[in-house]
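Residues per chain, in single letters:
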Amino acid sequence: MAREAKKFSRPALVTHSDALPLDSALLLSMHGHMLRARCLEERLIAMYKQGHGYFWIGGPGEEAFNVPLGLLIKKGQGPAFDFLHFHYRQSATLLAMGEPTIGALRQMKNTATDPYSGGRNFAGHFSKREWNVAPVTSPIEVQYAMAPGTALAQKRLGGDAITIVTGGDAGTAEGDFASCLVWSSRPGQELPVLIVVTNNRWGISTPYGQVQGVQKISDRAVAFGIRAKTIDGNDPISSYLELKEAFEYVRTERKPYLVEANVSRLYGHSSASGANMTTAEADCLAQFEALLQRHGLLTAAKAKAMREEITEQLLAEARLVRDEPQPDPSTIFDHIYA
Amino acid sequence: MANMAQAIRMALHYAEENLGVTDIFGEDVGPPLGGVFTCTQGLKTTWNSPLDERGIIGMAMGLAMAGQRPVAEIQFCDYIYNTIDLLKLAGNTCWSSNGQWNLPLVVMTPVGSGIRGSLYHSHSFDATATHIPGWKIVMPSTPLDAYGLMLAACEEKNPVMFLKPKALLRIKGEELIPGEPGDDKQLSKAIDAPLGDRSAWKAQWPAVGKHVVRIGEAKTVRAGEHLTVVSYGRTLPLCAKAAATLAGEGISAEVIDLRTLWPYDWAAISASIKKTGKVLFVNEDTEVTNFGEHLLRRATEELFYELLAPPKLLAGKFLPGIGLADALEMASVPQQGDIETAMRALAAQAP
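Heads up: the protein sequence lines correspond to chains W and D, in order. For the first sequence, the working numbering assigns the number 1 to the initial residue and increments by one for each residue that follows. For the second sequence, the working numbering assigns the number 1 to the initial residue and increments by one for each residue that follows.
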């Protein structure tokens, strides 16, 4: 540790880090969240492969985009805070918002203690009302239909809270994506929605180019007069800056904005396709670590040590979760109604 | 007396003023039309939506999540089918989140035959709606019940599907809504939008009062001894009329208006069946996997030794649609004559 500290204090390297457009504390914080999110997904996959869960789906490969997204969210309950309609690749966003990792493990193991669904729903299907995280669902498009509703309540309330909806490129073929564009851009009644599409260019096994002719999904916003951008979602710095601009626009203008983020899908669609690491796609975490190293903000040894520490912590949490009770079958009728 | 459309309108007015309803919306729900059946004329929170049923249900869900209290309309239930996975989602949101979230929203939609509506203005939705857990489903057959059920729906913490029997929307009631003026012309002048330019028109609402029909409570509309008839919506008044006709033949039929399809009033149904030993369920949705089949199954399983005859279901024919011609519609869904015939046959059965 002493050696690390000494390295960080070298003036030449500080100069290098100044060349990056974000301050080092933020960069290192983003790296920490990205690394934790990656380790979490890898732990979830390991749990699935060891038989400690029936199904895995998640977001390894999207951390560079999802972490900045989480850092920019104004979290809290009710329409005075941001409303979040996420899809199932959003663990890095939740962690960046401050969510502990153990909840995701509990959901993977479908224990009674699962804080998101009480053992009822798949991994990655977060729900957290105290932060306005709407229940994540398996249909890949329905959240786009709901987002204008929370945004209308927020516009009515005044203030700067916005609605953020995320989904993948494949889901934009569904009508609900068009619904979101239509309902958030009614003339004179525009809604404060940040519409996000993470484009990994896959729909399970089907390549994007085989089934959709739109070159850039962000172009679809043009017809609705919605401001839009396609960004490099594998670059956390660019993602942070672009998202910051988009957030500010939606918060102040009270109008929609569409961000299409090109991202990687590093472990396939889900456990149904094996959940094995691919080297054919860019790894945003490895790229970011290399960048931080070039700028003297991180060393390979430090990154390795961090990864080992997080992995160890997740392993301990997984052991804990392993012994927690499954939901009691008598509870199946609980919460059909409020 | 108010008709059902006026009763729904007055209920929504009451709900806007007293129950926190924030949005009454859907296709042509706002001015100038105020709904294709006039159910939303003159209300202060109405607005016109894009022609997008999935967008309407999604909007209602989002509003409900963010603390608003929406009443959304699907213009005809014939057009609700493309929203079914959103309806499922609204129904499972509380359950899937282990009780974290609830969605206080109402979806209302006209259902059933009776206006010569052909294939896409005659559908029923009760069989499908009762396949979607997590919703409460109501269907009035009188203006006063429509008023009371709408107030109950707007007080609910959970999604409520309010099925409007379109054949009954223009039928006047026999009971006054609390605060309703007794003079129909006076009521119409006060709350029916005028023909022509309506831009300066405002409803003059009567001081309607609170009258809640609790969800889950059936109503015995006619007491009887020989058989029980359970129905709701359009076919309910036909059952009541049939019972009146059969009374002249010495057949005493008890008629129950279910009013809530889910959660339904099994106590009322079973008490009546125990009394009469015979039951006929009547509705107009297609008869295969019909909601009445569920009631029939339960009656058979739980009341087998109380029964004096096999329980019966009279429902719509299992057809792809209802044909436009009068003769086709009449032959497709139960009419008063069909109900009388079924009741007579059941009454004549002896163990």
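Simulated from the structure, these hints should not be mistaken for lab results. Quantities reported herein were computed from a predicted structural model and do not represent experimental measurements. Where is the CB? At the ideal position from N, CA and C, for every residue including glycine. Be a bit skeptical, because a hint or two may be false.
What the hints assert, rightly or not - Per the computed footprint, the stretches of chain W lying under chain D, defined by three or more beta-carbons under 8 Å from a beta-carbon of chain D, are: (1) 47 to 61; (2) 106 to 119; (3) 135 to 141; (4) 175 to 181; (5) 332 to 338.
Okay, the hints, checked on the actual structure:
1. 47 to 61: With 0 residues in contact (Cβ-Cβ under 8 Å with chain D), the coverage given for the segment 47 to 61 of chain W is violated.
2. 106 to 119: holds (count 4)
3. 135 to 141: holds (count 3)
4. 175 to 181: holds (count 3)
5. 332 to 338: With 5 residues closer than 8 Å to chain D, the segment 332 to 338 of chain W meets the three-residue bar; holds.
Hint violations for this structure: number 1 only, all remaining hints satisfied.
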